[in-house]
Structures are given as structure tokens and as C-alpha cells.
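J.: Which chain is which? The protein sequence lines are A and B, in order.
Whatever position you read off the first sequence (first residue = 1), add 17 for my numbering.
Whatever position you read off the second sequence (first residue = 1), add 120 for my numbering.
To be clear, the hints were calculated from the coordinates, so they are not data collected in a lab.
Check the hints yourself; a few may be wrong.
Claimed, not checked - DSSO-like mimics (lysine-lysine), calculated; alpha carbons at most 30 Å apart, straight line:
no.	chain 1	residue 1	chain 2	residue 2
1	A	Lys190	A	Lys117
2	A	Lys117	A	Lys74
3	A	Lys224	A	Lys60
4	B	Lys234	A	Lys117
5	A	Lys208	A	Lys117
6	A	Lys117	B	Lys334
7	A	Lys89	A	Lys74
8	A	Lys190	A	Lys224
9	B	Lys323	A	Lys127
Stated by the list, open to error - Restraint-style ranges between C-beta atoms, simulated for each label pair:
no.	chain 1	residue 1	chain 2	residue 2	range
10	B	Gly250	A	Tyr143	44 to 50 Å
11	B	Ala248	A	Ser268	39 to 45 Å
12	B	Ser232	A	Glu259	55 to 61 Å
13	B	Asp152	A	Asp49	27 to 33 Å
14	B	Val263	A	Ile260	56 to 62 Å
Ideal Cβ positions, reconstructed from N, Cα and C, are used throughout, including at glycine.
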Amino acid sequence: MSGAGSGYDLSVTTFSPEGRVFQVEYAGKAVDNGVPSVGVACKDGAILAVEKPEETKMMLPGSNRRIFTVAKHVGMAVPGKLPDGRQIVSRAQQECENYKRFYGNTIPTKVLSDRLANYCHAFSLYWHLRPLGSAALTASYDDNGPHIYLSETNGVSYRYYGIAVGKGRQGIKTELERLKLGNMTCREALKTVCKCLIKQRDDQGSKKFEIEMAWICDESDRQFVRVPEDVAKEAEDAAKREIEQEDEDSSDMES
Amino acid sequence: RRASSAVSSMQGGPDASGGPHTGTTIVAVAYDGGVVLGADSRVSTGAYVSNRASNKITNLCDNVFLCRSGSAAHTEAISDYVRFYTSQHVSETQQQPSVKSVASILYQMSYSNKGLMAAMIVAGYDPASGGKVFGSPIGGTLVEMPWAIEGSGSTYIWSYFDDEYKEGLSREETEELVLRGIAHAMARDGSSGGLIRLVTVDKDGATKRTVQGKDVPLILGDMPEPGTNAATVVW
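Let's have the full structure, built from the sequences with the hints guiding it.
T.: Written as C-alpha cells, this is what we have:
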């Protein structure tokens, strides 16, 4: 199937005449078409959330983890190709450990995300490798406050107030831009994040979804942990109720 | 080079490593808001003083300094490596390093190279933790302490510091404490002498001071400097 990159997209070591490396862009598409993932930095911490569709009824819920603890003070979600993502998580864990051993201090998040970006970028320099089809959405809370970083497959890494990747990201990003995340606590933001994820779902079908949530905040003693089940359920239920309420209000207005 | 021969040389006897040897007194004391580092200036090869005005306090980066004792060659090499790695660390993090990070780098060098004869003290100031002192004796231990002393002359002043150090000293009091401590060691240790160099590091940076022979505190029993009127000296 020939696309925009005909002929120039066969190897990662080829530039197109416009200066694009198509293989790297295609790797980015693996992330863009992946599971919706959101990261927000709030007043008292940072949250990561990933919405996963149920692949099969026979799979135990919670067994296909997408969010990993990289160090006590850092966690990561890996949208896109999960096996590629696990490679990044493993590397991140090593970076954190090595930094601590050599410098005596926990790794600053900026340093970690720069190193991961360089790691992802390295895969795009050699003919015998392919770029990783996963991004690293990092959440941390250190002396400089809560951080959300996105290290992309093409090697860039930026810090965000809030960011979404994967399916439906445009809608989620629009919602996030409306919020004053800096004034919200993590608890409050959890409900909003769930709302964003639920709203962008395809409504038809009886497909079941599971929202995996993790945070690092004052409430969790500044450790990166999964959001406790009861808190997560409460946030999801509250989000669903709000969406139903909004639907009712809008249908009232129409009639 | 075995650690045992290193220790015997440290006592100020004939030099076992066959090179310039900073039989020395080095001190660092932390106070609220910074640290004071002090050292004598004598470098000896056996009984010959090869340098009577050396600088044993090396700058590792803007806010962290290193006091060196043991083999001059070993400690200079280590300090060059630590400066190199620290400078790379600053490039990566884009900010001043914590004293702990620099001390950890030194620890990696020391502990991984057991043949080295280097007893050092890392001290400095960073805004997050204030003034910090890390002792790094022979063998590569790294331990954070309120004050640290090393070198052959340090054996004579443990009790002095045990008695005189207290928390809550001011900058001037700490400088005076360090000065008098080194003066005591220089009075008794043949391998320590010359000038006293002081470096104080606080949030505004590092201030260096050199205390010449005649200004070194006179310890009871010491001979006054030549040319002083003996009648004016209180014995």
C-alpha cells in the first residue's frame, strides 16, 4: 500500500526529500492508535490514567498492566506497543538505580526523561534496529513539585501541566485545557480524568473498559502507587453520574 | 599498595610509598549556614619538606571543596576525576550539585581503587541541605558528620574537637575553632606545619583565607616567631 512516504519509508536511516524520517513517524502512529492515556499534574501531586478495552472475557482484570513504578518517586505509563513499552520501563528502572548508586540522590525527573528520550532516539539511528512503538508518560513528585513528562518515540521530551496520548487524545486535551489543574487536588482531578476518558469512548457496543489509575501525591506519602480501589471506584462512579447528568441536561434543553 | 603500609605512613614515619606525602592536618566543620574547611601547608618526602606552602584544599565545583591527605599523587588524581564527573553532572542536571552527590562520586573513586592512599574530607554548601561535611578515610568509607579531621596531625586533636565542638556555633566561632585545632596539631605533628589555609563556603559562595606563620595562634610551649620581643610573650 503506497502512502505519502512511497520509497522513502522503507528504512529508518532514510530521509525523505522534505526532511522527514517516515519510519519514526509511523512508530509515533503506533502510540497515536494505542490505548488512551492521560497524565495531569495537580496542586498536591500527579496522576496517570490509562483506559484499556477488555480484549477477552477470559482474561483476569488487572493483569495487563500499563502503568509501572520505576522508582519510589517516579511512575510511568506506556501507551502504544506494550512490549516496546516494557523495554522503556526496564531501562528507566536501571537509570534510576544507577543514578542513585553513583550520585547518592534520587534522580531528578528532568534528567530521567531526557535520558529516556535519548534512549528512544538511539533506536532511530541504526539500520538494524527499529524505533520503539511506545512513549513514556512519566509522573513524579520531588522537591520541585509534581511533574508530568512525555518522552516520545522520536526522541523529544517535554514537561506538561496535562497531556493525553492515544485514541481520543484531541478531545481529552481540549477538556484538560479548560481546567485549572494547578488549583485542583489529585482527588478532585481523578474524577475529571475519568470523565475525559469515559466521554471519548465509542458509545456503541457492550465493550467493557477498565481504567487503570495511579498517582503520586501528598496523600500517598509522595510514593508512586496505584490509586486505592475504593478511591478509584468512587471517582469513576462520580464521573459516570456527572456524564449522565450532563446528557439529561442537554436533552432537556433540546426538547 | 596495601592499606596497612598506608596507615603506617600516615603516622608520619618514613614514607613507605616513596613519593611526596601530605602528612597533614585537615579539618572541616559544619555550622548553620555553611562549612569551614582548614588545612596546614606542609608536604614532605621523608624528612625533607618539599613544599612548605602547598594548598591542600581543592575546589571540586563552585560550592564543594575537598581536603586532601595521604599520597599527594593519589589525591590529586582522584580530585581531577571527581572534578570531571562533577562537571558532567552539572551539565546534565543544569544546576549546582548537592554536596552529597559530589561526595558519592568521590566514594565511587575511593572504594573502587583500594590501592590508593587517600584520606579526604568533602565539604560544601547546597541550598537544600545547608552546610555538609563528609569524611572519606582510607579504604573508601563515606560518612556524613558534623565535623571531620584527617591526616597524621589529626591524631593529636580528636580530644580538642570532642571538647570544643558544639552545635549552633557562628561562622566566626567555627573559623576560630578550626584555626586553633590546626595550630594545636601543627605544634605536635612533625609532618604538619607552615601556613593554615581556611575556606568558608556558604550561600554566597566560597571565601578563602591564608593565615601566615606569625598569625597562627600560639600554642602553650611553642617558640614565638623569630624577631618577637620575648618579654612581651606570656608564657
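J.: Are the hints correct? Go through all of them and say.
T.: Here's how the hints hold up against the structure:
1. A:Lys190 with A:Lys117: Given that 30 Å is the threshold and the Cα spacing comes to 35 Å, the pair is violated.
2. A:Lys117 with A:Lys74: violated (42 Å)
3. A:Lys224 with A:Lys60: With Cα atoms ~34 Å apart, Lys224 of chain A and Lys60 of chain A exceed 30 Å; violated.
4. B:Lys234 with A:Lys117: Status holds; Cα separation ~22 Å.
5. A:Lys208 with A:Lys117: violated (35 Å)
6. A:Lys117 with B:Lys334: Given that 30 Å is the threshold and the Cα spacing comes to 47 Å, the pair is violated.
7. A:Lys89 with A:Lys74: violated (33 Å)
8. A:Lys190 with A:Lys224: Satisfied, since the Cα-Cα distance of roughly 24 Å is no more than 30 Å.
9. B:Lys323 with A:Lys127: holds (24 Å)
10. B:Gly250 with A:Tyr143: 44 to 50 Å: Cβ of Gly250 of chain B to Cβ of Tyr143 of chain A: about 47 Å, so the range 44 to 50 Å holds.
11. B:Ala248 with A:Ser268: 39 to 45 Å: The hinted range 39 to 45 Å is violated for Ala248 of chain B and Ser268 of chain A, with Cβ atoms some 55 Å apart.
12. B:Ser232 with A:Glu259: 55 to 61 Å: holds (58 Å)
13. B:Asp152 with A:Asp49: 27 to 33 Å: violated (54 Å)
14. B:Val263 with A:Ile260: 56 to 62 Å: holds (58 Å)
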